[in-house]
Amino acid sequence: MDLQTSIKWMELFNEKVQANKALLIELDTPIGDSDHGSNMSRGMQHVIEALEAKAPESAADLLKTVAMQLLSKVGGASGPLYGSAFLNMSKAEHQGLSIAEVVKEGLAGIQKRGKAEVGEKTMVDVWSPVVADLEANSLTVESVKAAVEATKDTKATKGRASYVGDRSIGHIDPGSYSSGLLFEAMIEAGVI
Amino acid sequence: MSNYGIVIVSHSANIAQGIYDLIQEVAKDVSITYVGGTEEGGIGTSFETASQAMESNSAENLLAFYDLGSAKMNLEMAIEFTTKEVEVFDVPVVEGTYTAAALLQAGVDLDTVKAQLAEMKLNK
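Residue numbers (my numbering), protein chains in the order written: chain L, 16 to 207; chain W, 164 to 287.
Take the hints with a grain of salt, since some may be wrong.
Pairs of lysine-lysine residues, derived as DSSO-like cross-links and limited to a Cα-Cα distance of at most 30 Å, are as follows [to be verified]:
#, chain 1, residue 1, chain 2, residue 2
1, L, Lys173, W, Lys277
2, W, Lys247, L, Lys127
3, W, Lys284, L, Lys130
Listed next, with one range per pair, are the computed distances between beta-carbon atoms [unchecked claim]:
#, chain 1, residue 1, chain 2, residue 2, range
4, L, Ser177, W, Ser175, 14 to 24 Å
5, L, Thr172, W, Glu223, 32 to 42 Å
6, W, Glu282, L, Asp17, 53 to 63 Å
7, L, Gln33, W, Ser221, 38 to 48 Å
8, W, Asp272, L, Gln33, 51 to 61 Å
9, W, Val271, L, Asp17, 53 to 63 Å
10, L, Thr172, W, Phe244, 44 to 54 Å
11, L, Leu38, W, Gln180, 31 to 41 Å
12, L, Glu164, W, Ser175, 33 to 43 Å
13, W, Phe244, L, His109, 16 to 26 Å
14, L, Thr44, W, Glu203, 17 to 27 Å
Just so you know, these hints were derived from the structure itself, not from any lab.
Ideal Cβ positions, reconstructed from N, Cα and C, are used throughout, including at glycine.
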């Protein structure tokens, strides 16, 4: 991954997170603890500040900075989940793997941390089809949006939303929504 | 002092403080550290505060207890960055912490403590 492209990716992700902060809070209100929007907003603000304070030397370096900032500044479940994802992606990028493999390693990090499988209404429900689409070279903004939308009809069996059981049906999963923003930003930045 | 310490991570400062108040009554010689809520005083957990609770404990071997799922993730993340031996238990946070504290204070060996905790395991 080209360094400039990866910087663009994170700038676009930050813009989307800030623009959708209120929506992320709204999504997290009926089935969570209403903090996803403010946590991600704060985390990405720190990411941008850290990247401005010290210019990354490579895409792998950038991904590591993102990991450490999200890990320490987001908090909740999203901090360790996104942190683990970016840490793994940084390692994969450092090894020179393809973007499909890089994102796949990110997914592995999320699953190792959160122990979630596909269909449990978590961010895994977006990361997993995105990996499949990247491998098939067929990832589009539409397919990302479709994966996010599909979490609406799923019953949560992992994560905070699982406490409300059947009542989680009918609501889009907030972590899936922010993951969708990450992958839309990835496409728009020209990473693939 | 016991060779084993206890770490409590809760989403709420009051819950963490409350559990600490409860168990220090029965475990005066066990090193107990706890954190509740975010650094800004709100509800939540973070990797950094979980790390601090581990590092500030005088024991090198820790038994960790938490309330809700994201506290566990932050604990596990912190474990990857520490040199201490830490085990996280999926048990009711009040009863589990109390059990471990009381048994450690009584000088019960770790395997027995773990066996007692295993009986209380929750799917959390």
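Could you tell me which of the numbered hints above are not met by this structure, giving the numbers in increasing order? 10
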